[in-house]
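Chain by chain, the residues:
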Amino acid sequence: MEALSFPALLAGLDSRGDGVEASLLALNDTLAEDGLSLSPGEVRELAEVRRLSLKETRRFEVGPGAVPELARRLARSSYVCREDYAGVLAGLTELFYEFKTEAEDRVDDDELMDVLFDLWEHRSGGTVEGLADCRDLWAFLRLVRDGDAGPEDGAKEEEEDFE
Amino acid sequence: MNRNDTLVPQVFADGFDPARVDRSRYFLSLLDEGRAAGLFSEALFSLRMNELMERLAEQIGLWTNGRSSSVMQETAEALLNNLLYLLDLALSAAPEPRAAAAMLARTPVFPLYEAGMLAARRHLDRCRVYELALKKFEAMVLLPPGPAHFLHGGLRLWLDERDLRFNACEELYVPSSVFGRSRRLRGVAEAEAALAELCERLRSNAAGPV
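Protein chains in written order, with this note's numbering: chain A, 1 to 163; chain B, 1 to 210.
Hints may be right or wrong, so weigh each one.
Unchecked claim - Once the Cα atoms are required to be at most 16 angstroms apart in a straight line, the calculated EDC-like pairs of lysine to aspartate or glutamate come out as: (1) K55/A / E94/A; (2) K135/B / E74/B; (3) K55/A / E77/B; (4) K55/A / D114/A; (5) K55/A / D22/B; (6) K136/B / E200/B.
These are computed hints drawn from the structure, not numbers from a lab.
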């Protein structure tokens with residue numbers, strides 16, 4: 001029986017699913033109204049994407065977290081269909097947590113989602129890559145992190161750092 | 001019978017060894033030893049761990065004002081560290097480890113946290129009382145320069161920055177000019193004890209033979 005240590009405790013807490021899969025599956029009734037759905041396999045993959053994203057961005061989240069809300073907002077988008085819904089949601093999940101860390105926690109979940117989905121609808125061209133390349137997104141990042149949108153040509157450098 | 005009563009063994013196991021309990025990580029150590037000794041069932045152990053998780057989620061919500069579901073790992077570590085410190089304070093109210101284990105067996109994490117907060121608040125209040133006492137020593141020209149500097153510097157800053165929900169466990173650094181050697185005091189409980197000791201020394205010096 002392994003003794004409880006502080007690091008092991010955090011690691012153990014971090015590796016739990018925390019109900020994200022159940023929360024996503026529970027969304028299916030709502031998603032069906034928009035002709036969308038998430039299969040159990042897709043839900044498992046999304047939970048894994050979330051876990052890895054949190055790990056890579058050195059973040060910690062308890063409970064279902066942001067992914068179900070991302071899923072709800074994405075369902076209202078004019079750009080997604082059943083076939084690419086889970087894939088786009090996975091990409092947005094990665095981008096969301098990366099952005100939270102890059103912004104040094106100076107932006108609320110709701111504020112960030114408002115910006116992401118506004119840009120998603122109007123500037124992304126309907127792809128996660130298009131959204132990640134969007135200069136306005138990086139200007140927003142500099143604004144919340146540094147208090148200054150910064151020079152135009154700084155955007156590319158920031159984008160490269162992000163990759 | 002409540003949910004917890006069904007999980008607590010009626011007879012305490014003999015295998016519980018109080019000497020193996022680590023007071024510096026009381027909550028976790030009691031859980032470890034209690035489980036190893038059969039004092040806590042696996043179900044009760046899991047219940048307490050889940051409650052700890054729920055409380056940590058509450059602390060993250062308080063920290064972010066409910067505006068973010070995730071925090072940086074360093075923040076989570078600090079919040080968990082403080083949460084465990086508060087739980088340790090609550091369990092320290094029991095006279096010895098076996099009694100503390102019994103308390104942990106019958107008390108969910110949420111009321112333990114509230115009791116820990118209450119205990120921390122009392123420690124901090126008494127720290128402030130000792131701060132006032134030090135100021136009185138100073139007014140009577142009985143406070144040496146080292147402690148006076150500490151009173152208006154490190155101690156003042158440390159008291160100002162206390163928010164027990166998040167940093168009750170934070171160290172108070174006491175320079176060597178106060179006790180003759182520097183000390184790092186963990187949290188409000190050790191701070192209170194050290195300030196009491198300092199006041200007692202000053203009082204003894206004041207009352208002693210010239």
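Here is how each hint holds up against the structure:
Taking the CA atoms of K55/A and E94/A, the gap is near 11 angstroms; set against the 16 angstroms cutoff, the hint holds. Pair hint K135/B plus E74/B does not hold up; C-alpha atoms about 37 angstroms apart against a cutoff of 16 angstroms. Proximity of K55/A to E77/B is assessed by CA-CA distance (about 14 angstroms); at most 16 angstroms being required, the pair is judged to hold. At roughly 24 angstroms between alpha-carbon atoms, K55/A and D114/A are farther apart than 16 angstroms, so this suggested pair is violated.
The straight-line distance between the Cα atoms of K55/A and D22/B is roughly 30 angstroms, outside the 16 angstroms bound, and the hint therefore fails. Distance check on the hinted pair: K136/B and E200/B sit about 13 angstroms apart at the alpha-carbon level, within 16 angstroms; holds.
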